[in-house]
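Got chain A sorted already, so can you dock chain B onto it with the hints?
This is what each chain is made of:
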Amino acid sequence: MRLVLKSETDVLKKVEEISGQNVFSCYQCGMCSAGCPMSEEMDLLPNQVIRLLQMGAFDEILGSSTVWLCASCYTCRARCPRGVDLARLMEAVRLIVLRKTKDDYIPPARMVKEKLPQIALISALRKFTR
Amino acid sequence: MKLAYFPGCTLKTTAKKLETSALAVAETLGLKIEELPNWNCCGTVYSLASDDLIKQLAPIRNLARAQSFEYKTIVTLCSMCYNTLAQSNILVKNDGEKLKKINEFMSEEEDYRGEVEVKHFLTLFKEFGLENIKKIVKKPLSKLKVACYYGCLLLRPKRIGIDDCEQPHILEELVLSLGAEPVNFPYQVECCGSYHTAVKPEIVAMRAYRILENARENGADLVVTSCPLCYFNLKDRQRDVKRLYAGFKEMPVLYFTEIMADALGIT
Numbered sequence: 001m002r003l004v005l006k007s008e009t010d011v012l013k014k015v016e017e018i019s020g021q022n023v024f025s026c027y028q029c030g031m032c033s034a035g036c037p038m039s040e041e042m043d044l045l046p047n048q049v050i051r052l053l054q055m056g057a058f059d060e061i062l063g064s065s066t067v068w069l070c071a072s073c074y075t076c077r078a079r080c081p082r083g084v085d086l087a088r089l090m091e092a093v094r095l096i097v098l099r100k101t102k103d104d105y106i107p108p109a110r111m112v113k114e115k116l117p118q119i120a121l122i123s124a125l126r127k128f129t130r
Numbered sequence: 001m002k003l004a005y006f007p008g009c010t011l012k013t014t015a016k017k018l019e020t021s022a023l024a025v026a027e028t029l030g031l032k033i034e035e036l037p038n039w040n041c042c043g044t045v046y047s048l049a050s051d052d053l054i055k056q057l058a059p060i061r062n063l064a065r066a067q068s069f070e071y072k073t074i075v076t077l078c079s080m081c082y083n084t085l086a087q088s089n090i091l092v093k094n095d096g097e098k099l100k101k102i103n104e105f106m107s108e109e110e111d112y113r114g115e116v117e118v119k120h121f122l123t124l125f126k127e128f129g130l131e132n133i134k135k136i137v138k139k140p141l142s143k144l145k146v147a148c149y150y151g152c153l154l155l156r157p158k159r160i161g162i163d164d165c166e167q168p169h170i171l172e173e174l175v176l177s178l179g180a181e182p183v184n185f186p187y188q189v190e191c192c193g194s195y196h197t198a199v200k201p202e203i204v205a206m207r208a209y210r211i212l213e214n215a216r217e218n219g220a221d222l223v224v225t226s227c228p229l230c231y232f233n234l235k236d237r238q239r240d241v242k243r244l245y246a247g248f249k250e251m252p253v254l255y256f257t258e259i260m261a262d263a264l265g266i267t
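Top to bottom, those sequences are chains A and B.
Note that the working numbering gives residue 67 to position 67 of the first sequence, counting from 1, and the numbers run on in steps of one.
Note that the working numbering gives residue 135 to position 135 of the second sequence, counting from 1, and the numbers run on in steps of one.
This is chain A alone, in the form it adopts within the complex (with noise of 0.2 Å):
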């Protein structure tokens, strides 16, 4: 992958503001990507997303599908051996996109119509809405 650097410390500040992890805690071992369960569905794996943000390369992320894929299972927090908590770094990327724009990542009209239980509805609302 070829990209332009633009470091933006800014943004990579607010990640860690709101994760309150250290991104270069992180030493890319892979372990995250190896364990999770949606890795196939990504564009970028869960190891490359902190590799991005290592590099102040945020527009990379911001149109990956990786975070929005992260149903924050915590296994990669669970293997991880740097303890780097990756789960709360995909949700400090979610929130800064949806603070960023006026709409939702999934609005609720695009949701499935069927009878669903509540605690998926409601999870659904949280993490794509406003």
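It is possible that some hints are incorrect.
Computed list of chain A residues with no C-beta within reach of chain B, every gap over 12 Å [said to hold, decoys possible]:
| # | residue |
| --- | --- |
| 1 | T9 |
| 2 | L62 |
| 3 | E114 |
| 4 | S123 |
Derived coverage of chain A by chain B (criterion: at least 3 residues anywhere in the stretch with Cβ under 8 Å from a Cβ of chain B; other residues may be distant) [to be verified]:
| # | segment |
| --- | --- |
| 5 | 23 to 29 |
| 6 | 43 to 51 |
| 7 | 91 to 98 |
Hints in this document: simulated from the structure, not taken from any laboratory.
Backbone N, C-alpha and C define an ideal beta-carbon position, used for all residues, glycine too.
For chain B alone, kept in the frame of chain A given last:
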């Protein structure tokens, strides 16, 4: 000791079977469980951001309410409620400033002191004693091969997990005490896709297929779980699994309390 039962929204609708069977089992075991008055939705997913304290209000309000009715323990059945209540509880226990802010905001409640314990029914049953459960089994589930599915939120993050987050055995021990045989089940802690069921059902169906086939390969007759969302994803999404994978055969999915009620002779 009085225990406050926190049902959460789904236990009154799609997961009614979980509530009915669990409360019947608890009654048979002689556990004193009362539904928490005026409970509200816990928010279902614990907020992972340090700057939106407003999302901690829903769970903390329930804990404050339990405290005001003098309950020391709140017990839940839904894995999502358990996770949210337990994580929020730890957050305010360890951060006096955040607790103070929340208390000042919810002026209609008494100040929450961070002392209520959040427990899952499975832990409650284990504390009751699996040997004691074994003694009152009326119809042992002999020859029944059970795949115990935990999903994510009962076990992770570690500090609120009810058991080991990679190799749990609390459900297996319970199933053994009912006379059934738990099968080896490597996918038991793998995420089912959770709330993606509301936006991308096919992603959930693909995960459900992997999990259910893993149970089948290991000889399971059925899968048991405690989470109403896992239950929906593993059971109801089988209609989508069938569309995606030709030849897929249905796999029964039940709440762990349903097979408990059967074994204890509760009808």
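Taking the hints in turn, this is what the structure says about them:
no.: 1; hint: T9; verdict: 19 Å, holds
no.: 2; hint: L62; verdict: 18 Å, holds
no.: 3; hint: E114; verdict: 8 Å, violated
no.: 4; hint: S123; verdict: 4 Å, violated
no.: 5; hint: 23 to 29; verdict: violated (count 0)
no.: 6; hint: 43 to 51; verdict: violated (count 0)
no.: 7; hint: 91 to 98; verdict: holds (count 3)
In terms of the numbered hints stated before, the structure departs from hints 3, 4, 5 and 6, listed from lowest to highest.
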